[in-house]
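Novice: Protein sequence lines, in the order shown, are assigned to chains B and L.
In terms of my numbering, the first sequence has 156 at position 156, counting the first letter as 1, and numbering is strictly consecutive.
In terms of my numbering, the second sequence has 433 at position 433, counting the first letter as 1, and numbering is strictly consecutive.
Simulated from the structure, these hints should not be mistaken for lab results.
Among the hints, a few may not be true.
Computed Cβ-Cβ distance ranges for the label pairs, DEER-style [said to hold, decoys possible]:
1) Asp-449(L) / Gln-24(B): 38 to 46 Å
2) Leu-22(B) / Glu-744(L): 32 to 40 Å
3) Ala-33(L) / Arg-154(B): 17 to 25 Å
4) Leu-21(B) / Ala-229(L): 43 to 51 Å
5) Asp-710(L) / Glu-94(B): 44 to 52 Å
Simulated crosslink set (SDA-like; lysine to any residue; CA at most 20 Å straight-line) [as the list claims (entries may be wrong)]:
6) Lys-191(B) / Glu-608(L)
7) Lys-86(B) / Glu-608(L)
8) Lys-191(B) / Asn-409(L)
Remember, it's a predicted structure, so these values are computed and weren't measured experimentally.
Where a beta carbon is used, it is the ideal one built from N, C-alpha and C, also for glycine.
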Amino acid sequence: MLDAITKPNKVPRTGAITTRLLQQSTNLKQVKLTDVSFQGKFILWGNPEDSNFIQSVQTATGLSLPRQCGEVSEKGPYRAIWANPKRWYLICEEQNETELAERLADSGQIHMSVTDGQCCFHLKGPSAVDLLKKGCSLNFNDTHFATGQCLQTRLAITKVFLHRKGADSFDIYVERSYSEYIWGWLLDAAKEYSS
Amino acid sequence: MSKFNNRLNEGGLIDRNRQINFTFNKKSYTGVAGDTLASALIANGVDLVGRSFKLHRPRGIMSAGVEECSAYVQVGSGDRHTTNVNATQIEIYEGMAASSIHCWPSVENDVGAVIGKFSRLLPSGFYYKTFMWPAKFWKIYEHAIRSSAGLGKAPETEDADTYEYRYDHYDLVIVGSGPAGLMAARQAAPSGARILVVEQDFKLGGSLLSDSAKIENQTTSDWAESVTAELQPFDNVTLLTRTTLTGYYDGNFLTALERVTDHLPINIRRSGIARERLWKVRTGQVILATGSIERPLVFGNNDRPGVMLASGARTYINRFGVKPGQKAVLFTNNDTAYATAIELQQSGVNVEAIVDNRQSPPQEVRNMLRNNTIKLLSGSVVHNVLGNKRVTGVEVASLNNQNTLGSDNLRIQCDLVIQSGGWTPTVHLFSQAGGKLLFDENQLCLRPDSATVSQQVQSVGSCNGSFTLADALSEGAQAASQALANAGFKSTDANYPQVSESLSCLPKALWRVPVRKQSIKQFVDLHNDVTTSDVELANREGYRSVEHLKRYTAIGMGPDQGRTSNINALAILAEEQKSTIPAVGTTRFRPPYTPISFGAVAGRRVGEFFQVRRKTSLYETHEKAGAIFEPAGLWMRPDFYPEAGESREQAVLRECRAVRRSVGIFDASSLGKLDIQGPDSLKLINMLYANGWNTLKLGACRYGVMLKEDGFIFDDGVTACLGENHYHMTTTTGNAETVYNWIEEWLQCEWLDWDVYVTPVTTQWAAVSIAGPNARELLNQVGTDIDLSTEAFPHMQFRKGTVADIPARVFRISFTGEHSYEINVPSSYAPALWDALMKAGEKLGIEPFGLEAIHRLRAEKGYIAVGLETDGTVTPFDLGMSWAVGKKKTDFLGKRALKLPDLTRPGRRQLVGLLTDEPSYVIPEGAQIRLKTGGLSRSQGHVSSSYMSATLDRSIALAMLENGLDRHGENVTLHIDGKTVTAQVTKPLFYDEDGGLLNA
């Protein structure tokens, strides 16, 4: 598989959010919004009832794949997010992407890079939950959406994954062509907290 | 300052030291903190607040709450303009500018008031009956009628405010913060359950703020304050004031409208803070403590300014510290108004008499009057109100057993008529929740039948028909314990506070008071100007169902929603039909309880956030190149790239020539892309496409059409074999999601055991297409490790490699008819790739081309565009694409349908080319090709694509023509805007007929 494993160092990459919009996020108070889209993202497919599949992923990456909606498992620099009964998102920092790609190739299982097709924003701050509640109908009470969970939902009018990393800290995964809408929407909805 | 100052020297929940200036109908007034617009107007002696909806009668303030159906006003102007707001609910703020609605030129001198003089000529249905013919004139009448009626003026400029939603989840929602609601909240708070208390007023307390009873030796308003203070420290309790619960839906889903900034002076409203917040709440349990509304009595001229509900009068005195008049007469059919009489008297209002239709009111209330030397006229009624813009007196007569007036007639001078016709529980939300109502013969009201509702909801207090304070408090606490138990929380034993005895209701039915003259109007619905005679007329004319009555007379419609008129209308209809209220029934209440602004409904989905504008990773690159964008589905795609001074047509022709002569570059990133892997991949692809795929070798690409089960084409595209059991499928831009959903539907519903995995990767890969005789040269110049020789990399093949040092998937496929490569790279590298190609292509004269150019280029080659040549009724055979249908395939989606008689019959429309006799004339797309048979003319085809071709230097068109495949060479006629155009039918291919350029 080629799939951008051998990343050229000298060719510049362009993120989905324009510099102008990125800068606007610095005006926010009570929430902090950052673009971390260059982290590595893969989709992994397989049958969780097949022990060979589970075992080969574990051997290659160290990850034991989560089996329930909302679950996330982590091992070393890698994270696996449950996406549907046969599908997972595997996430890592930008510098670990090549390594994870190689490990996935070693596993022999069906996978592909979606690093460039999916964006990831990090939202953090005391008003983060209030901000999300303007556009997301999930129940954010910790009995229903605990720290560590990742849920697929709708934010404003787009599909997103919300990974809750703390009481007021979230990773928001959104498809690249919808990401500018979500970024702009979050900035606009957060104006209330700007002073 | 105005003529009166009705403000009491002391008492009330207001701050006399904080004065607030506002204007009403451009006159300046001063109120105090804690005032509503209505209380401030009364304090300033303003009687006349508006004109009525239809008859333009003068109207004042008839209540102090949500039930107000008379004092509707508009607030603000320009970009902050709100119409039809209730003066009894809005708070005044410094600089507020309010005005009357539907009067011109002013509320005092209203031209439309002349209508009132002819009111006998204007019964219900008048307009529809009178202006029925000639039918076409209705449009003219309607304009005049609408402008003389109507409610308020629509704003003329864009709203300056923002609005938003708030989603939330609770264990328990308590609606209303009167005695029952506050008691429920106090009982539930320590449990730790997540509780939301919703109160429409700006202060918690409901009726406690107006009552004069005592709870635990405190005034009721002090008790409300102390409970509020008790609740505040609980993190699990959210107290929402200025919020109306407007809708109750299935699954305990509630909507509530929070008015966030309307009470603030405009100069301190901060941008970014929404004016209104529409809450969308899901909750386990609901307690409705929505209280009750006092019912007006129906008597002659009962709409005059100065006629007021007893509950309103007591609110003005006890809560706002204002006297609603100087000399009052009370008219009642029950006990509760007696307390108001005493309170008025003690506040310095002379109570001239209390008129009670009951022959012998209970001793308890009679004693109250005797102690305060108020005259009681029992067994009597107020049958007429005197005065026009303000009450000047009443006429009282005895009421005999036949419900007719006695011959006696007493005139009493007064400026205030206080009325009470009993109480109507506020059952709207219970009804919305699915509950049915039952008629309480003793209390003369509709109340909830709790057995009929399947949702987790309880009604408590007066909205449940339990009208005493003690009952409200105990029901509130009990319901809270029950709700906690239902939700799995523990509750402590309730602690019931001591209450001074409050009056019960004990009404005697009095649905309409007789009048001495037919011309005296008795209003049932002040809001819509519906009188008793309108209800009687509706019944006579056959509108006997309560639903028909409502639509015939407009009773209960509009912002007021019949809060005061509903029961009286039902009762009068029942009397007319010699029936009973339960037999007549009631209309089902629907959301919203009070009006919601369109702004709140739209929320944040306005302006740039109305819809997503999907952008490829090259959007900014195109922007810098001066592209003009065109929406394609949700995508924004470059339509063309004009140079200085160029028209669209000039730019497009230049772009087309660049592709045909040298090389052009095109952003194809929005094309749908699906990654297909797994052992059953080939099986899936064979089912999806009509043509065969078994022979597709590694590294090869093939074009295919997809059919729905009906045999009609719904998408097309190229699929490449990337590896063993690994394919890359492309779809059209607009159908990317549709195709993916279509595949998932089959895999999830029909082919569950197939081992195949489909992933949308549209935006993972950017696709840059380079097309033209110099495309290969360009690729060489920009640098690639792929062998580009025809032998190593022929047309319809795919190779992996690097282009400009970027890892890429290169597809040698073409939509222009030229030698062409579609270079796919991870999206974040696309701008670097594009720039490298532009730089390398400079000497070759490379030019970017947009959507319009590619459409013209593909039409020259006769390549179909899904959505132009296909419209959901076109088969591959219709397009002359029988080669794209696998004759030997055992199955594919749509296979059976292709054999249906209608899909194989002669005479179907088939794809042809058209060349106009006049080469410079471009036929409009959609034009019909006419066929004349005898004297009749009909369509035998239509033009699907039509352009000026730069390559041919003449116009070309594609069309769907009956039996078109067999008619090449024929001449056809089109009629376009009265002009006749002739054209020759050709095969749908105008350029490079043998495909030599493609394969070179």
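Novice: Each of the hints needs a verdict: does it hold here or not?
Specialist: Taking the hints in turn, this is what the structure says about them:
no., hint, verdict
1, Asp-449(L) / Gln-24(B): 38 to 46 Å, "55 Å, violated"
2, Leu-22(B) / Glu-744(L): 32 to 40 Å, "34 Å, holds"
3, Ala-33(L) / Arg-154(B): 17 to 25 Å, "42 Å, violated"
4, Leu-21(B) / Ala-229(L): 43 to 51 Å, "45 Å, holds"
5, Asp-710(L) / Glu-94(B): 44 to 52 Å, "48 Å, holds"
6, Lys-191(B) / Glu-608(L), "15 Å, holds"
7, Lys-86(B) / Glu-608(L), "37 Å, violated"
8, Lys-191(B) / Asn-409(L), "67 Å, violated"
When held up to the earlier numbered hints, the structure conflicts with 1, 3, 7 and 8 and fits the remainder.
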